[in-house]
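Undergrad: Let the hints inform the model, and build the full structure from the sequences given.
Heads up: the sequence lines are chains G and R, in that order.
According to this note's numbering, the first sequence is numbered sequentially starting from 18.
According to this note's numbering, the second sequence is numbered sequentially starting from 51.
Rather than coming from a laboratory, the hints here were simulated on the basis of the structure.
The structure presented is a predicted model; accordingly, all values stated were derived computationally and were not measured.
Yeah, the Cβ is synthetic: ideal placement off N, Cα and C, and Gly gets one too.
Keep in mind that a hint or two might mislead.
[As the list claims (entries may be wrong)] Derived pair list, reagent style SDA-like, types lysine to any residue, alpha-carbon separation capped at 25 Å:
1) Lys-140/R with Met-39/G
2) Lys-29/G with Leu-111/R
3) Lys-140/R with Val-28/G
[Claimed, not checked] Derived Cβ-Cβ restraints for the label pairs, each shown as a range:
4) Leu-53/G with Ser-89/R: 20 to 28 Å
5) Thr-177/R with Pro-54/G: 17 to 25 Å
6) Met-43/G with His-217/R: 35 to 43 Å
7) Gly-92/G with Leu-191/R: 43 to 51 Å
8) Ser-213/R with Gly-92/G: 32 to 40 Å
9) Gly-195/R with Gly-56/G: 33 to 41 Å
10) His-169/R with Arg-26/G: 18 to 26 Å
11) Met-93/R with Val-95/G: 39 to 47 Å
12) Arg-26/G with His-168/R: 45 to 53 Å
13) Val-81/G with His-169/R: 40 to 48 Å
[As the list claims (entries may be wrong)] If the Cβ cut is set under 7 Å, some of the chain G residues that face chain R in the computed set are:
14) Ile-24
15) Arg-26
16) Lys-29
17) Thr-42
18) Ser-49
19) Val-81
20) Ser-82
21) Leu-86
22) Val-87
23) Trp-89
24) His-109
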Amino acid sequence: MADHADIDRQVKIYILVFVSLMALTMVTVAVSRLHLPIGGAVAVALVVATVKGGLVAGYFMHLVSERKLVYWVLGFTVAFFFAVLLLPLWAHFEPIAY
Amino acid sequence: MEIPYTVAERPDTGLNNGKIGIWLFLASEVMLFGALFASYLMMRLGAAEWPRGDSILNVPLATLNTVILISSSVTMVMAWASLKRHDFGKYRLFMGGTVLLGFGFLIIKYIEYSAKFHHGLFPSTSTFLAIYFTLTGLHGLHVVGGMAVNAYFWGPGAKLWKSDPEHFTNRVENSGLFWHFVDLVWIFLFPVLYLL
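TA: See below:
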């Protein structure tokens, strides 16, 4: 079980993560105002959102120090999540002729 | 009969039952939202024209909602950390703050929805608005669900702290995992719907 000093250290990390998330939110909005071409805009928005999501999952959801079984469950989930996202892309770039 | 492994870790999983339960539930939630994100992608790629979100939606209000939800994630994790420090007073403060921030999010969402309806913009108006209302509506329901659980642990459910503090701390951690997931989904919804 985490002792008090350990929790104090974690709380400092939570504050740092909070400040980073706020800063990255401002970056997302600022970049959207540049009206980049759609490819660049999607890439920047998704990279920033992925970093933000990683911070939330890693620190607030304690995934940086979780048990192996949780990583396995999430590993399978992420694989299926991307498979589902790939289906419409596949259908779009290789449409069935009819 | 007592529920087994609420505090102690099961030897085979290395986790208490609540923790593995909530992670399996979140895995199913990822697939639920994944299917809707895939639908969004399919409709957007297949559309002859697709509006930029900021030409229809209110970006300043959505940015404010992003700030609110991220802040609520911090208060949630601070509520759990307060229990770890055996400071129940602070826990109440942070958990209460989390519930109030959730309310704030819903009020802003209500303002956004009202403005859209007032201007005659409904889910049936366009494909963009259909997926916008579906995704944000489902996300809003998750906010309501998370708030209900958090409010229970702030109020009547907190009685467990007196009889079994470790079990109660684990319950708060698990409700926190769900709340952070709701924040995580919004982190992706915000740019996808409002900014691209």
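Undergrad: All hints are to be evaluated individually against the structure, with a verdict given for each.
TA: Hint check:
no.: 1; hint: Lys-140/R with Met-39/G; verdict: holds (24 Å)
no.: 2; hint: Lys-29/G with Leu-111/R; verdict: violated (29 Å)
no.: 3; hint: Lys-140/R with Val-28/G; verdict: holds (13 Å)
no.: 4; hint: Leu-53/G with Ser-89/R: 20 to 28 Å; verdict: holds (25 Å)
no.: 5; hint: Thr-177/R with Pro-54/G: 17 to 25 Å; verdict: holds (22 Å)
no.: 6; hint: Met-43/G with His-217/R: 35 to 43 Å; verdict: holds (40 Å)
no.: 7; hint: Gly-92/G with Leu-191/R: 43 to 51 Å; verdict: violated (28 Å)
no.: 8; hint: Ser-213/R with Gly-92/G: 32 to 40 Å; verdict: holds (37 Å)
no.: 9; hint: Gly-195/R with Gly-56/G: 33 to 41 Å; verdict: holds (36 Å)
no.: 10; hint: His-169/R with Arg-26/G: 18 to 26 Å; verdict: violated (50 Å)
no.: 11; hint: Met-93/R with Val-95/G: 39 to 47 Å; verdict: violated (23 Å)
no.: 12; hint: Arg-26/G with His-168/R: 45 to 53 Å; verdict: holds (49 Å)
no.: 13; hint: Val-81/G with His-169/R: 40 to 48 Å; verdict: holds (45 Å)
no.: 14; hint: Ile-24; verdict: holds (5 Å)
no.: 15; hint: Arg-26; verdict: violated (11 Å)
no.: 16; hint: Lys-29; verdict: violated (11 Å)
no.: 17; hint: Thr-42; verdict: holds (5 Å)
no.: 18; hint: Ser-49; verdict: holds (4 Å)
no.: 19; hint: Val-81; verdict: violated (13 Å)
no.: 20; hint: Ser-82; verdict: violated (12 Å)
no.: 21; hint: Leu-86; verdict: holds (5 Å)
no.: 22; hint: Val-87; verdict: holds (5 Å)
no.: 23; hint: Trp-89; verdict: violated (10 Å)
no.: 24; hint: His-109; verdict: holds (4 Å)
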